[in-house]
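Novice: All chains, full assembly: derive it from the sequences and hints.
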Amino acid sequence: MKTAMKGLAGKSAQSLAIAAFTLLIGMQLSAADGAPQVTLNVAKAGPRTVESLTGRVIVRDYRFAWASLDTAMQTNSTDPLNGLLAGTASSWFGEAVKSQRQNGITSRYLNQVHKVDAVFYAPEGDVIELHDSAEYDLEIRDGDKAIHNEHARVDYVVLMTPGADRWVIRQLQAVPHF
Amino acid sequence: MSWSINTVSKNLKRCCFAAPAVVLWICASVGAKAQEAALRAPSGAVAGAATSIGTSGSGSATLYLTGPATALKRDVQLGQDISLSPRDLHSAGRYLAIVCSPECSSVTFFVAPSKPSRLTFLVHPSRAPVGLNDVISGVAIPFDEFQNMVIAPSNIEFQLAAGGAAPTSRTVQTHDGVAWFRTNSGKTAGALQVIASWNDVSAKRVVQQVASDPCSLRIKGQPAAKGILVETEPVHDCSGNPVPDGTIVTFTAKNGNQTSFVDAPVKQDVARATLLVKGPVVVSAASGVAMGNELRLNGKE
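Read top to bottom, the protein sequences are chains C and Z.
First residue of the first sequence: 5, per our numbering; consecutive thereafter.
First residue of the second sequence: 567, per our numbering; consecutive thereafter.
What the hints contain is simulated information worked out from the structure, not anything from laboratory work.
Ideal Cβ placement from N, Cα and C applies to all residues, glycine included.
You can trust all of the hints, since none of them are fake.
Simulated pairs of lysine-lysine, DSS-like, Cα-Cα distance not exceeding 25 Å: (1) 792(Z) - 844(Z); (2) 102(C) - 639(Z); (3) 639(Z) - 149(C).
Which stretches of chain C does chain Z cover? Using the computed rule of at least three CB atoms under 8 Å from a CB of chain Z, they are: (4) 131-140; (5) 171-182.
Specialist: Here you go:
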């Protein structure tokens, strides 16, 4: 009986591990095309459980937002960010793009890898907090001259809220550490 | 506070790898220039507070400062501290200061949020039936005056006050910048004020507690000019609160094998309907899970 229970528990654990692995793989979108690579871990999220479909949509929208953010900072146009950022995040990046344009500066966020943990998902599902351990190659130019290149590792606290058909970033705040 | 210093000096590397002794003095010269642009990151920078970046060396240089909401460029003198005004550092996050003269050196530093001055407070639902467990929830997120999320732990007090009852409160420390609660609805219909506060900063929301489903139904009826007029006694939930107008009561009339239904909304606590039946019928009523008594009546033609 004890052995049977043990076997059952082992099988359950194995099934859970496979399910978790499948979920992780499912939520990962590869960077084969040079687009940001985003993985989302929802194990620490609470009090509400992040459903699989919700996780996938968040990954999709977060990834797209970062790709658009790179384009916006490279071209000094806020157009790519329309509808992807809201509130403070929108106004911050709007100001950053504006002042880059005024000073002839451009930035690139290349080879992005985002390891994202969902740390809080509101009881009613109207806000999610993410911790993103991001890595990217940051390139800053003044006109044609490269003034800075670095492989940056930056931790971001992110607040996202659901919109009509997507999740939007409301807060994207870098912190020294989590 | 963490920071790092990075020096971009491709020309210097190229020069020194060239190796001939005759150009050593040039390497030394360029190396000295790169040394001149060494930067010291500000420590303990806080949003909206002035700070400065230390520099060593001499001569003029160009400063680039990029941050969450800024990308400024201006001329500076090496060897002097570079002053950053409160306006330059409104947004909390990672800043990168680059000084080029013409070799570029850089330093990164973080600006922390200042103290909370506003609470984002999400409360659900706006209307809650009375007597339900864990039906009301609230999430509070403190922000400073520059819209920076305050991630350092803060004690948020949640206070719930319904008319006539003593307010209840609990204190929750923010975790990762968020404090939240979940609670039961009260027993009495009416407005429930929910207040989140941190020191003198507060945000108030109101949840309308409404009657829950009807608890029981009593009906009465009488023959009308055509059929039967039936109505309920005032409909209450199990806590004695009158159910909201519009709550549907279904009247059922059975006459042998024939059954007819009429849905009627509660209006001013009572639901009424005229059943177009003739002869002896058994009338009953139901709303949600509540069933009413049965009446035996005779419908007129």
